[in-house]
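*Asks:* 474 is the number that the UniProt record's numbering gives to position 474 of the sequence shown; each next residue is one higher, with no gaps.
Honestly, I wouldn't trust all of these hints.
Said to hold, decoys possible - Pairwise CB distance ranges (calculated):
| # | residue 1 | residue 2 | range |
| --- | --- | --- | --- |
| 1 | Gly-91 | Gly-648 | 22 to 30 Å |
| 2 | Gly-91 | Gly-153 | 31 to 39 Å |
| 3 | Ala-672 | Gly-648 | 44 to 52 Å |
| 4 | Lys-623 | Ala-534 | 42 to 50 Å |
| 5 | Lys-623 | Glu-564 | 26 to 34 Å |
| 6 | Ala-240 | Ala-535 | 38 to 46 Å |
| 7 | Gly-382 | Asp-695 | 25 to 33 Å |
| 8 | Ala-42 | Thr-536 | 17 to 25 Å |
| 9 | Pro-690 | Arg-526 | 25 to 33 Å |
| 10 | Ala-344 | Glu-378 | 14 to 22 Å |
| 11 | Ala-534 | Arg-667 | 32 to 40 Å |
| 12 | Glu-586 | Ala-632 | 50 to 58 Å |
| 13 | Glu-684 | Pro-298 | 50 to 58 Å |
In short, the hints are calculated from the structure, not lab data. Here a beta-carbon is modelled for each residue, glycine too, at the ideal position from N, C-alpha and C.
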Amino acid sequence: MSAEIDAALDAARAALAGTAYAAAFAVEARDAPFLDYYCPAAAPAPDGGGAAAAAAEPKPLVRVSYTRGDFLALAARCARALRAHGVERAGDAHAHWFTGNAPEDLACRLAAVMLRSTPVTINWQADSAERVAHKARATRSRVLVVDAGVTAGALAEVRALLGDELRVLHAEQLAAYPLDGRGDAPAAQPPPPPPADGDDRIVIFTSGTTGLPKGVRLSYGSYACNAATFDAFLHLADPALRLRALLTNPLHHTNSTAIADWATRRPNAAIALVRAYTTAYWRLLVDVAADAPYGAAPGAAPDAAADAAAADAAADASASAAARAAADADADADADADDAAALAPVDAALRDALATAAASGLRVVAPLVSRHLDFAAELARGARLPVSRAALAGAAGAAHVTLLLGSAPVGPTTVARLQRLAGGALPIVRFGSTETCLQVAGTPLGRPRALALGAFRAGWRHMNAEGGAQCGYYIGRAHPPYTDAAVVRSTDPADSSFLAPCAEGEAGRLVARGRNVMAGYVGDERATAAAIDAATGWYLNLGDVCFWLRAADGGVDLYWLTRESTLLIRGGANYAYEQLAAELGEFAARTAGVPRAELGVEVVGLRLASEHEDECCVALELKSDGARARAAALACALLVDARAARGGVSKGARPDRVSVGALAVPRNFKGAVLHKELAAAWREAIARDPRFGLDVPVQP
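Turn these sequences into a full structure, and let the hints guide you.
*Replies:* Dropping the structure here:
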């Protein structure tokens, strides 16, 4: 690097001085690896008959690598660009509107530490122009950072709503910005004082159960607590261990945000960032576990014959396990013994590479959601994995690799699925929310397999005080002294049983506290006061119904039962019923040519075919003769076009079942929808006819 760049990087290090990130980007770490960014290669050009076959093959990943010096330089350029666009004072906000995970997103987050500014996440999977504008306006963002995937039309919609309130900064231009002290850039400014624990580190918006989503202010102290929690929870307190974080979950959620921040502050960590989940992820997982470049781990290539035979044997094993489970409760989620015989032995060279990586101090943490295991199981059944099943089992089940599952309940099907894919390994579960900086509880590491599986089973087999089945999903234990959790009878301060502890096995509301809890909601002191009990510090708004059981070692194990809030869980993300209903109502009215005022649209999520994914069930009310005459067209709009995500319908809003006038939407005396009663009506209708809501009705 030139003397000019060295001087600019020294200024960037000075701006990080006194922060938790300074040691990770010290001069001596300049050439250390930090970030490998992976995105799918461009699709091949059409060539007649060969194009379809090529498109069916999984696209390989292209890698772009950054040393710590490279990344610090990019972050310094981002800081320069943000200042040039009006981020001038500590606390100024800038909203990040990317359409996939990107190095520039992470670099702007490190730049924010230098500037003491506040990044704001935009949900590229769900946010409409109105929501993007709301988030920018609520946080008073001075800059909107966009990538090339944000279309000119979408950006124009947002600018029309915001006028000249904020400037737009294009991410693809960031790498070309001059560093401070070079070219036309002003001289480097003296760094501001180090941030305090209570200063905002980032704002992540909730899904919002009613109205517009709320911005969650997560502080530097929250992320310090998060890092300490993960060091302890994942047995990574030893700084000599080399953390490798493999991130495919979206950076606009709290999951990848928290893991990335943890890795960014660890001097001996590196990040493998995938733009978005893709089939090739499973090959990358094996390579990272073997400490090899992408595609270079030995003995990992798919073996079509062996993998097809394994798929057949796995199907037989699944049928055998199902038959045993029908007669023997001990058979749930324990089919790995059958599948072990179906898998070929791990290649000796790969086995040695995995052992060498573990012995060198490498520790791989791969945050996933249960849906990712669904995808992998489907690939395995079709012998379409981009890696051999034996290699995937060897890597995913290796002691130095942690598949960290969360964001949705992890039930017996998911546990069994991972056992089959990973040679008997059990998932490590994490549980928390945006307001708790991702982590409240997790399943302990290091337990003997029989004890760990026993903890899962204790929840699946639990009976309530009346002797009825009360199946709960194990979410682990809190992490004192960093996080605390309890199950209480009420979270309503007006209730006589407010914060009264539940007895063992008694269902109640989960509450949490610790430095990990948010600083508050953006611009909403009333909502903040309602969410956090001032006297005790308990965060009250998790919305989860749980129970606890005493384990053999005396510890308190927590089990999840259900949610009370009006959120639909899909793909590891939460979607507010109201948000989905509004989107689908506008779409149905526009597509079928019916005035919006003549339609009532309400959404509930039902856990029907999956234990961790909700089905989007839409109840359509027809308020006029004209709407009733268009019933079939409305059903077609939702069950055909919207289900296929045509016409701009977001992935989260795709309906699974639609009732066209067949279900009366229950409301209270104020007109508010009673979602629990509506969900019960859906279940009753489906119990009578399993096909209810799946087909377009025939016009009489």
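*Asks:* A separate judgement is required for each hint: does it hold in the structure or not?
*Replies:* These are the hints, each one checked on the structure:
1. Gly-91 / Gly-648: 22 to 30 Å: Given a distance of about 35 Å, which is not inside 22 to 30 Å, the answer is violated.
2. Gly-91 / Gly-153: 31 to 39 Å: 32 Å, holds
3. Ala-672 / Gly-648: 44 to 52 Å: 28 Å, violated
4. Lys-623 / Ala-534: 42 to 50 Å: 45 Å, holds
5. Lys-623 / Glu-564: 26 to 34 Å: At roughly 30 Å between Cβ atoms, Glu-564 and Lys-623 fall inside 26 to 34 Å, so the hint holds.
6. Ala-240 / Ala-535: 38 to 46 Å: 42 Å, holds
7. Gly-382 / Asp-695: 25 to 33 Å: With a Cβ separation near 27 Å, Gly-382 and Asp-695 satisfy 25 to 33 Å, so the hint holds.
8. Ala-42 / Thr-536: 17 to 25 Å: About 55 Å separates the Cβ atoms of Ala-42 and Thr-536, which means 17 to 25 Å is violated.
9. Pro-690 / Arg-526: 25 to 33 Å: 45 Å, violated
10. Ala-344 / Glu-378: 14 to 22 Å: Cβ of Ala-344 to Cβ of Glu-378: about 21 Å, so the range 14 to 22 Å holds.
11. Ala-534 / Arg-667: 32 to 40 Å: Given a distance of about 34 Å, which is inside 32 to 40 Å, the answer is holds.
12. Glu-586 / Ala-632: 50 to 58 Å: 19 Å, violated
13. Glu-684 / Pro-298: 50 to 58 Å: 56 Å, holds
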